[in-house]
Structure formats: C-alpha cells, structure tokens
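*Asks:* Position one of the sequence shown corresponds to residue 1 (this note's numbering), numbered consecutively onward.
Where hints are given, some of them may not hold.
[Stated by the list, open to error] PhoX-like cross-link-like pairs, simulated, lysine-lysine; straight-line CA separation at most 25 Å:
| id | residue 1 | residue 2 |
| --- | --- | --- |
| 1 | 51 | 33 |
| 2 | 51 | 38 |
| 3 | 184 | 51 |
| 4 | 94 | 169 |
| 5 | 38 | 179 |
| 6 | 33 | 184 |
| 7 | 169 | 179 |
| 8 | 51 | 169 |
| 9 | 53 | 33 |
| 10 | 53 | 38 |
| 11 | 169 | 33 |
| 12 | 169 | 38 |
| 13 | 53 | 179 |
Since the hints were derived computationally from the structure, they do not count as laboratory data. Small disclaimer: the values here were computed from a predicted structure and weren't measured.
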Amino acid sequence: MSNRLTFVSAYFCLGLGLLWPSAPVLANPVAEKALEAKIQGQLEAVLGPGKAKVTVSGGAERARRQSRSVTHHNPQTAHERIVSETRAGVTRRKVERIYTYDHSESLATEASGTLTQKSVSVIYEPPAPGEDPENAPPPLDPALVETIVRTTARINESQGDQLQISQVKMDTSAYDRLKAEMEKARQGTPFWLYGLCALGGITGGVGLGFFLARRRQRKAIPAWENPPALPVYPGIMAAEARLSVSANQALEQPRA
Numbered sequence: 001m002s003n004r005l006t007f008v009s010a011y012f013c014l015g016l017g018l019l020w021p022s023a024p025v026l027a028n029p030v031a032e033k034a035l036e037a038k039i040q041g042q043l044e045a046v047l048g049p050g051k052a053k054v055t056v057s058g059g060a061e062r063a064r065r066q067s068r069s070v071t072h073h074n075p076q077t078a079h080e081r082i083v084s085e086t087r088a089g090v091t092r093r094k095v096e097r098i099y100t101y102d103h104s105e106s107l108a109t110e111a112s113g114t115l116t117q118k119s120v121s122v123i124y125e126p127p128a129p130g131e132d133p134e135n136a137p138p139p140l141d142p143a144l145v146e147t148i149v150r151t152t153a154r155i156n157e158s159q160g161d162q163l164q165i166s167q168v169k170m171d172t173s174a175y176d177r178l179k180a181e182m183e184k185a186r187q188g189t190p191f192w193l194y195g196l197c198a199l200g201g202i203t204g205g206v207g208l209g210f211f212l213a214r215r216r217q218r219k220a221i222p223a224w225e226n227p228p229a230l231p232v233y234p235g236i237m238a239a240e241a242r243l244s245v246s247a248n249q250a251l252e253q254p255r256a
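Given these sequences and hints, build the entire structure.
*Replies:* Structure below.
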C-alpha cells in the first residue's frame, strides 16, 4: 500500500514583478528647461550669478511603467479526505487535501516625466582669488561641482547618460553693464519726475487759492443789503416833522 498526497492547492509564497515599459518618446523641452534651471540654481548658489551655464539635451522621456507583485501566504486546510483504491489485489490509499490561502496583489505605477539617456553640459568660472590672501575663501574643489551636477541631474551612465564639465573664463561684460545700469537707475531720479512734481505743486497751489478766494467771497456781506446807521439829532427830526405838516396843510387848502 502506498500513500500518495494530492494537493489541489498547496502553500507557496510567490513574489512576482512584472514590468510593462513603453517605448521611449522624444524628450519634452519643458522637462529639459526645468532640469537646466534646477542645475543652474544650484551652481549659482555656490559660484555666484552668471558664473555657470548649463545645457541639457538629447534625452528621452520615460513613459509610464507598472510593477505588479503577487503574494500567497497563511495557508489553511479547508477539506481533507482519504480515498482507497484496490487494483489487482493491491490496495492503494491517497489523501486529498484542499487548502485556502491569502492572496495579496499590489500594483505600482511609475509616472512619466523622467529623462533618460540625457546629455548634460556644464561650463563654469571658478571664483577669483581675493585681494587679501589671508581672508580669501578656500579654492573651489571641482569634485564639489561635479557632485552637485550629478546629484541634481541624477546622472546614471549605465542608462546612457552623459556628463561634461569644463572650467572656462566667462565673458560677463553684458551682465555687468546691465547690473550697473540698474544700479544707476535705482540711485538716480529722472528729471521728468522732478518736472511732474513741480507741475503738480503749481496746480495744487492755484486750486487752493481759488478755493480760499471763493470761500472768503461767500462769507463777505454786501453793502446794499445792510446800510450803515446814521446818527440821529432830535432838533433836525422835529424840524422835518413841522415841515411835513406845513406841506400837507398847504395841499389841503382850496385854491381861490
């Protein structure tokens, strides 16, 4: 008699990674410019404004990728039975078991936008030594510049990335001239601004004078509305009264 175990479902742990990479497409100029600006900002923080120039080109934009992982764990016996078979005088026995287990599945998606097979070119001007050797800053290590660029751009030669860094003497005359003009414009005041202020002052003075004159005219009382009082003499008033009575009597007498 022999025992044979037949597993309908058996316990196992499986880690499966499935990738569906899409064909790379042409690089997005917006992504290239964004990477250039990012590297440029890091270098200018160390070297100073206008002391570095970064160019990113020849890259390919990685499309969306998905990674799938499946795991089976925690098996439990759901059903078990023993089956006996007799053939040619031989009895065979087998045990059938049905297992249940937990099924875990995860799906990770990598977003697009990562540049691969990119070419990064950097030229920079090392800082000039100071006039005072004792207080001058230490010289810049080229390895530091390369580390900054590699870390910021995520350079990986195994994926086809290329990096070129060179020290040059850069022409910053245009930048210096623009900076001087901006400083001059900030410190000096244009003449037309003085003229505008003077015109505004004259206009305000005329308007204020006109307003005060009108206000004074409105408050003044005209002479014909309130004539001045004359002095009163009793003798003159009595004579005027007698003269008025005599005139009235003469008018009332009949003519001959």
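*Asks:* Can you name, in rising order, the numbers of the hints this structure does not satisfy?
*Replies:* 4 and 6
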